[in-house]
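S.K.: Protein chains in written order, with the numbering used here: chain A, 4 to 431; chain B, 4 to 431; chain C, 4 to 431.
Bear in mind the hints are in silico, worked out from the structure with no lab data behind them. Small disclaimer: the values here were computed from a predicted structure and weren't measured. Certain hints may be false.
Facing chain C, according to a computed beta carbon distance under 8 Å, are these residues of chain B, among others [what the hints assert, rightly or not]:
(1) F56
(2) D57
(3) I226
(4) R261
To spell it out: a stretch of chain C is covered by chain A in this simulated footprint if at least three of its residues, at any positions, have a beta carbon under 8 Å from a beta carbon of chain A; those stretches are [claimed, not checked]:
(5) 56 to 62
(6) 223 to 231
(7) 298 to 308
Beta carbons: idealized from backbone N, C-alpha and C, even for Gly.
One letter stands for each residue in the lines below.
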Amino acid sequence: MSEVGLKIYTLCKKIFPINRSITGDGVRETLNILKKEIPSLLIHEVRTGTKCFDWNIPQEWNIDDGYILNPSGNKIVNFRENNLHVMGYSIPVDQNIKLSDLNKHLYSIPEMPDAIPYVTSYYKENWGFCITHNQRKKLVDGIYRVKINSQLTDGKLTYAELLIPGETNQEVFLSTYICHPSMGNNETSGPALVTFLAKYLINLKNRRYSYRIIFVPETIGSILYLSKNFESMKNNIIAGFNVTCVGDNNDYSFLPSRSGNSLSDKVAKHVLKHATDSYSLYSFLERGSDERQYCSPLVDLPIASIMRTKYGEYDEYHTSLDDLNFISEEGLNGAYQVYIKALDAIENNNVYIANNKCEPQLGKRGLYPNTSLKTTKDIVRNMMNILAFCDGRTDLISIAEIINVPIWDLYEIISSLMDNDIVSIHNT
Amino acid sequence: MSEVGLKIYTLCKKIFPINRSITGDGVRETLNILKKEIPSLLIHEVRTGTKCFDWNIPQEWNIDDGYILNPSGNKIVNFRENNLHVMGYSIPVDQNIKLSDLNKHLYSIPEMPDAIPYVTSYYKENWGFCITHNQRKKLVDGIYRVKINSQLTDGKLTYAELLIPGETNQEVFLSTYICHPSMGNNETSGPALVTFLAKYLINLKNRRYSYRIIFVPETIGSILYLSKNFESMKNNIIAGFNVTCVGDNNDYSFLPSRSGNSLSDKVAKHVLKHATDSYSLYSFLERGSDERQYCSPLVDLPIASIMRTKYGEYDEYHTSLDDLNFISEEGLNGAYQVYIKALDAIENNNVYIANNKCEPQLGKRGLYPNTSLKTTKDIVRNMMNILAFCDGRTDLISIAEIINVPIWDLYEIISSLMDNDIVSIHNT
Amino acid sequence: MSEVGLKIYTLCKKIFPINRSITGDGVRETLNILKKEIPSLLIHEVRTGTKCFDWNIPQEWNIDDGYILNPSGNKIVNFRENNLHVMGYSIPVDQNIKLSDLNKHLYSIPEMPDAIPYVTSYYKENWGFCITHNQRKKLVDGIYRVKINSQLTDGKLTYAELLIPGETNQEVFLSTYICHPSMGNNETSGPALVTFLAKYLINLKNRRYSYRIIFVPETIGSILYLSKNFESMKNNIIAGFNVTCVGDNNDYSFLPSRSGNSLSDKVAKHVLKHATDSYSLYSFLERGSDERQYCSPLVDLPIASIMRTKYGEYDEYHTSLDDLNFISEEGLNGAYQVYIKALDAIENNNVYIANNKCEPQLGKRGLYPNTSLKTTKDIVRNMMNILAFCDGRTDLISIAEIINVPIWDLYEIISSLMDNDIVSIHNT
């Protein structure tokens, strides 16, 4: 089990150093690494200026170098050491500057003096450096030299999608983002875990549903993707998740969809109840990632989010302390198993109908176990209780909720009832 | 703010001394005073004997004088000193009577020895005097003289209505009563406060709804009014309140409509939750005023009641102790502000729909405040949360409930979203 | 009142000694005794092998004798002393056997050393003896002689039904079972109590509903009955109960129908709330008697179960200790009264509609009591509250729930409202 955790963690390590933003070569490099894992991944590019709903694709941002020389000429801040040091989307700069003026372009966190904060300015031209507060406190008066070798040019926004066909056109949707530089939980855990969910789904036999999986820059990427695919998404998506912050080893979190009662919500809460010790249930009002777009009122897709610690709810969030030590094999493996259980639950969520009125005679079919161990008694009890709700209306996840048993304990029983001609699938 | 409280209190003082009953000159005199405040008030009269549903308009009652002379010939009870002394609808009487016989016609309250009780006998011929229990205990044996100079004649029942037109025929309804003699909370506070609500509504610009406001004697008056106006009321009224006991300065009370989930209920509970420290939530089973008629099963209008202390729930109720000291400027002003908030909430309770899929780009419209004060953050958060429910189905009061913010904090935000073409009104 | 308890208990005593099983002469003998109480009872027989849904009627089982002789030749276990001693549906046996082999055919309960357990093997050929554990511990090595003089032959399954016609074809259904040998609560209490409910219903004047009452062997009997009568049952049954375990004097229990919100559920919970001090509310998942068939998904009838202590929830269950001492006149009488209240509630559960808009004038009809005792005030309050929900939609049991008054306190009030032309029946 933990083997997959190690593999996901290894992929996190591989993409961690890359300087990603909402556009640029870092995104391309990241997606190319993921494509090695999933060869069927399709990488798309969309031109700067392309309109998507109320938005336009911004200019492409690339950066080669960025540093500050102190009055003594020593390089005290260096983008090549940590790509958080340069504010995202900083315009090029190359000038001498007094400390008092430099200070207007410096970002640090007094309460976390060892952390480099993560700051961006996508839609307002600006430049800046992010440093630890300890370093900032040591800065002396004098003339500093600041250099940012970046380019903001008409270019492209890059994203990737993967369509895994199933028996029906109905889709389960997974979305994750690839726009943050070197941070572990938010964000390497998301794309790395989704990569391994994709591998699982590709290998799944007799897939009932099709799967639509995307790796996009947050906000602008999901808006762009919706603007290009809204009709088919609205027609086909029956459930889905925005996957982020799935790498730390703390308690789980759940952020519901707008309605709070979609299949995604129902399945996620069922899985979290039965597969974890406890989890934090957030309100949709506390949303903050791409469900903001997927659940916007005219879009209104059934997208929820299962996380380990939710973005914004841990001190290391959006700082250099959200690094490869903050995430772990165990954390990633746990989240992976929970997502697999949720995806399996959706795949197996059929409606069943009894083939006969009244209870079937289990004895003549050998379905009453001869031993009377506790576990076999539980199986018979669960079998009879499942049967009581094979009424052609109640889906399996609802039955699992009614009888308060994990849905994965029902798969074998249902299979046996099907094999013995006691129930039939009755999806509508 | 408290200025309006003083004005309402002054009107209470003006109508307090008048001897009102369900018919008679006291009602006329009261309505004429109110008509000076609201010249567009229409005063109607309906003949004795007129059938209204299961009822008939009773005879008109007027009274000039009433007193008791004790065996020494001293006037010990005098209607002209306090009009509660004569039981409402007392028939004329002029006779000498032994104390033991007189006692059958005397009403007092042993538990409240200083209070004159308020007693009526509308539909059964009788006469009586109401006195304090302390006075009663001092009565000595002997022959008393009782004199009531009243007239019960075929006449008219008097009531008033005010129709304030709005952009639509849909109506908000306010009802209050004018049938109790000199008592402060029940009843001068009701008609006085409604008079000032009427002034507010008349001055309201671009009224969306029409307003139907009536001043009627309790029970027979609301039954009569319904019998004459039922069809248009049933077709048009979307919300409304029976206004009574709005003058004391104690906690608020709420009596729901029959269904408990009408717009009136929703708005009233929202306003009381956010605008008061606490309030008593009664059951519809504890109703006792004209909502008995408005919410009767074949009428079933969405009428609820916001009060300060509910009728029957304060010791002074229906006694001479419910006087001008029991009510106050502050009490009246508080109830007025709550009713204004409720009426405003109904006026502003539109359904909105987003103009674009996905979130709008607030930045390019300057809707992201540059300062990051707590209040501006709250505004942005509220703005995004409002937007999330501008789905063409959810009305503003429901949005306010979902995001748990007073609806009056949303008016400016919605206005800004409208001005920026982000949302549109989408009422059905 | 307790007179009927004594009569039911007397009937329990009469049928207690008979050796019943799912088929055989014990069933016939029991039903003939019940037919003496209810001459209109129809007794039916169905041949071995008859198919009913997934099942077939088994062979008929009869037994004349059964005993064990110990190595000294003494009769130590004797069917004629207690018919629980022979396992139900034991095949004939007549052989000498070593203790070690005999032990494989002996059933006892170590935790209840004085109890003879009740064991059956209907659908798997076997033989066995049931003894107390104290007796078992004393058995010495040696050769025993076992003799069971039983017959398993193609024969018939016997059951009885009673159809009591009412004004409408809509039916209330009562089911109980007659397949357990000498035990008191489970089962003599069930058929004995239902016999007296049948007498009550036969004598009921102006029955609104028809009543279908059956006495069947558990499981196979209800399946058989459903297989023969499903269409009319599905069309006509509006409520019903499976009556079992109604003889002990402990707290009441309620097992809901599959939906949990049928008329049966609503009425039963209302009656138990108002007529008992407390009761145990079980989940449908804890079902275990013929509601398993009546509430199976393609049958789905509104059948619930009101019990004293539920089967399986008392130590004496399915042992010789569930005897005539475990049940009592008081226990049976209590359950009888509760069932009568439930049946009356169903009979009286009309929908009413007010004849006039607004409240009626009670005074002119003399419906306002002249005395003002607490009870008369309660009657007026209840009358006005009932009236408030005579809206042509709300049935009487719902009104009773809304105003939180036992439905039986409303019958007289409704009757008075009908007599005074204030309300009319408005069933749909």
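S.K.: Quick check: which numbered hints come out false for this structure?
M.R.: none
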